[in-house]
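There are 2 protein chains.
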Amino acid sequence: MIRLPMSDLCEGERELDAAQARYVSRVHRLRVGDCFVAFDPHAALECDAEVVSARRVRLSKTRASTHVTSLAITWIHGCPKGDKADAIVRDATELGATRIVFVPTARAVARPAAARVERWARIAREAARQCNRGDAPVVELGASFDHTLESVGATTRVCLDPRGVPLRDVLMAKPADSLAFAAGPEGGFTDGELRAATQHAFVVCRLGTRIMRTETAPAAVLGAALLLGG
Amino acid sequence: MIRLPMSDLCEGERELDAAQARYVSRVHRLRVGDCFVAFDPHAALECDAEVVSARRVRLSKTRASTHVTSLAITWIHGCPKGDKADAIVRDATELGATRIVFVPTARAVARPAAARVERWARIAREAARQCNRGDAPVVELGASFDHTLESVGATTRVCLDPRGVPLRDVLMAKPADSLAFAAGPEGGFTDGELRAATQHAFVVCRLGTRIMRTETAPAAVLGAALLLGG
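Note that the protein sequences, when read in sequence, are chains A and B.
Using this note's numbering, the letters of the first sequence correspond one by one to residues 1 to 230.
Using this note's numbering, the letters of the second sequence correspond one by one to residues 231 to 460.
Heads up, a few of these hints could be off.
Which residues of chain B face chain A? A few of them, derived with a C-beta cut under 8 Å, are [what the hints assert, rightly or not]:
1. LYS291
2. ARG293
3. HIS297
4. LEU301
5. GLN360
6. LEU458
Partial pick of chain A residues on the chain B-facing surface, computed with a CB cut under 8 Å [said to hold, decoys possible]:
7. ASP91
8. ASN132
9. ARG168
10. ASP169
11. VAL170
12. ALA173
13. LEU194
14. THR209
15. ALA224
16. LEU227
The hints are simulated quantities; they were obtained by calculation from the structure and are not laboratory data.
Where a beta carbon is used, it is the ideal one built from N, C-alpha and C, also for glycine.
If we strip away everything but chain A, and leave its shape as in the complex, we get (with noise of 0.2 Å):
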């Protein structure tokens, strides 16, 4: 079934957007009388749409989403160069994290603007599209790495460096409620940012003996977590 992000979905009939109703007559040719389901990833909301004309379709009253994530995931990632931010919000969403949260660090040397939220957020919803997930990420951009540890709720944390115990000690432990990973950005955390997530009661842990790219860190990790959880 086609599914289409929307937002503020109510019984009744609405006028689609350019990129909306371009996404419906051009992409997937659908036509007066098709249907596809409407979905609001931020709300986990989906009701059934149909088409009514080239610019209009007709919503059916809402329900909540299918397909939504049953564990709270949070992805805490040192802000990395170039467009790899785009990646990670894309794997990290496909793999189930819940909350993204991109920090300045010691080695990290992007800063990158606060406008960057809204793309990522709309990365976000586009990958939940296209995973057949009903529910999307929180991204933020976090004001330093010590105030988004001190934001972090879950039960089980791990942060990640090569110098860790292995992931599976803390992973199959015990299962988890809710689970936090911090990633460092290119050159990895400081001593000293190790040490800040051990006070907030995150594990060091590696994934492997050999050195992750920063960027293939959300997928190899949120898809060892699934194995456990999915």
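Start from chain A and add chain B according to the hints.
Relative to chain A, chain B alone:
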């Protein structure tokens, strides 16, 4: 320690090629007398190298590489579009694959030329260097999916499809001696291909309940395998 892939290692002096010389003197600014580790990822050998001039190094006696993979992992992938194959080689190398085979499948649109194999091998060597791995996977272009399935000797075999059983049911059932995974191209596998895989003792498995993009599969699935084996 700086590491540089180099073929046919043997004790004594040798000339660097242009790319190696650039890497040594421009990228890492090594000077006469500085040392690095030269490694041959295909032979899984390494040795110490000392810079004797801008274009020449002196190699020590070779030894078996440290940081070689301990588990044989075959990664079979339906030929993806565009340059996704490059990213797949990079991710699969970083996460421990020892053999990567791209195969034509019913829904694979791309038909890479045989010459791409040399490019993929170069990407694999470079990824091995980056992730501090002393060996590199063999990369092949399979003649057909059937032929590639027949070539697999792994004791644990997984074919990825959203309709499968949870991956943990197979990976956590017993410790694997050797692993093989098959992932479809953008459109996934056909029912016929899943049947062919099953006939070759592959178990159809899913990781999580969402739809994974073809290019996310290697990092997520090999990350999951690393959780158990790393």
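Index of numbered hints that the structure contradicts, given in increasing order: 1, 2, 4, 10, 11, 12, 13
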